[in-house]
Amino acid sequence: MAALILAEVPALPLNTAGRYVAAAYIVLFVIVVIYVAIIGLRLSRLERDLGEMLELPERPPQHAETEQPAHTESTPA
Amino acid sequence: MTPQYGRGLRTLSILTVAMLALALVLVFFYAPLEAEQGFLQKIFYVHVPLAIIALSGFVIGGLLAIQHLRTRDSRWDMRSYVVIHMSLIFAVGTLITGSIWAKGSWGHWWVWNEPTLVSFLIIFLLYATYQPLRFAIEDPERQSRYASVFAITAGAFVPMNFIAVRLSSAYLHPRVLGSTSNLPGSMALTFLVSLIALALLFATLCKLELTAKHTRAQVRALRRRLAGDDELPARRGRSAVPVISATGGPAAGGAG
Amino acid sequence: MRRTVGALLRKELLVELRTLESVPGMSLFAVTTFVVFHFALNRSSVEGDLAAGILWVTLLFAAVLGANRLFVADADQGGFDGFLLAPVDRTAMLISKVLTMLAYLVVLELVAVPAFALLLLGAPLGRALPDLIATLALCDVGIAVIGTLVAALAVQTRARDLLGPLLALPLLLPVVIGGARASSPLFVSGHLGSTQGRWLLSLALYDLVFGLIAYALFDFLLED
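Protein chains in written order, with the numbering used here: chain P, 1 to 77; chain H, 1001 to 1256; chain S, 2001 to 2224.
Derived by calculation from the structure, the hints in this document are not laboratory data. Hints are not guaranteed to be accurate.
For the chain S half of the interface with chain H, some residues (derived, Cβ under 10 Å), not all of them [stated by the list, open to error]: (1) Phe2083; (2) Leu2149; (3) Ala2154; (4) Thr2157; (5) Leu2167; (6) Pro2170; (7) Val2175; (8) Ala2180; (9) Ile2213; (10) Ala2216; (11) Leu2217.
Using 20 Å as the maximum straight-line C-alpha spacing, the simulated SDA-like pairs for lysine to any residue come out as follows [said to hold, decoys possible]: (12) H:Lys1213 <-> P:Val32; (13) H:Lys1213 <-> H:Leu1012; (14) H:Lys1213 <-> P:Val36; (15) H:Lys1207 <-> H:Ala1035; (16) H:Lys1207 <-> P:Val36; (17) H:Lys1213 <-> P:Asp49; (18) H:Lys1207 <-> H:Ser1013; (19) H:Lys1213 <-> P:Ile34; (20) H:Lys1103 <-> P:Gly18; (21) H:Lys1207 <-> P:Ile31; (22) H:Lys1207 <-> H:Gln1218.
We put the beta carbon where it would ideally sit given N, CA and C, even for glycine.
Required output: the full structure, derived from the provided sequences and hints.
This is the structure we're talking about:
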């Protein structure tokens, strides 16, 4: 399978122009990967925030005693 | 009705990946070697689509800003911000790939007689001020308004700039990096596929960004509702990012 | 509308005449810059492209410095609020400010161009004057429009002194291109070239497009 692909690949002039072409395409790749990383960071921060919020109603909030019972309805199951 | 920015994201990403793969295959296995520049010419298939998409993105950002000023709905400002932000990144990509191409062709990392590169440098310098401008205005409503004025002015500037730079260098030197006219069929097809693939990539990344921002706003609103207003952690200073409410509507709290 | 613009314009020019805070500074800056160029380039006389470049860079930077001051008084001393309370068309402020900026630029050039001819220019200016004036006029309109728009944007921000030039310079590049290319054949001694109409045409197009855009967008900057 790999041999079939390798047979089709054109001779890559990796010592001359090939380096520049590779660099240009790598730039595109890096842009996309950096974006994925940024979104990933945001996702983990969101996960942490949501985790904190899940824990919130378990701690007795200071003003909870005077709150209406309806306040607890917003607690996710 | 809360808008779902993430709907359709999976389909879009799959389509993007497929097109990108197809484009790469075409570039390296199908498109013929160009006579003058040889293998180096393959950069054309990534540099020029990046350029076209970045420029279109800037103009689209201006159009979205017009919508924002017309409707005063901050969702348009959010979209304008994301599109301009992404176009700026694509513009940087254009400059870098163009510079690599110049180095490969001429041995210089920068050439002044390639009008596209020069125009891009100017446009990059202009749009690089977009975020500092937003950052320097604290009031969110005014920030959005002023940013839209800037986006519209700069969007009109893009074609004007191209004309001016083209005019100023046309009679000095011939185009260095080749033009897109007179392409043989196989190259034209490869170019078209690359263009579509990168346009899809642009759309996917923008959608990703919009979804992420909206989700964060929703989480913040949820926390505020659960914990009471006094538990909201202090916003970390000023923000250059437009504010949208959890319902995705105008931040002023009116019905979306 | 015309009366509003007239009244506003009179106010602007009166204030400038009394405080003299923009125009003398701009003019002095231009002349000093010519001296700087003399030492930086180590030349006593310049011609052609180099001359056009020096003149236009100097004019551009002086103009941008002056544009910075356009709205500062209004922003700091409540001039905006006063204007917004009056039952007049808001675009009148744009037009009056653009005309004010034009006036500043004309005075600037009345000082800077002869100074340039005296200090640095190697070629006689006489026969080239009509073409040069046409070029300057077209460029001035462009600089005035963009300078006013950018000043209105920048005055409400925190780093207004930095952001103004930062925004204005890229936007004004087509003006620099048009102005420099149009005037460089005028600065050649001996064989007097003439301005290519192409540049004047593109300058006029630029003025038209951005004049319309500024006209359409200015109202949005004034709201509160």
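Among all the numbered hints in the text so far, which are the ones the structure does not match? Hints 1 and 15 are the ones this structure does not satisfy, whereas the remaining hints hold.
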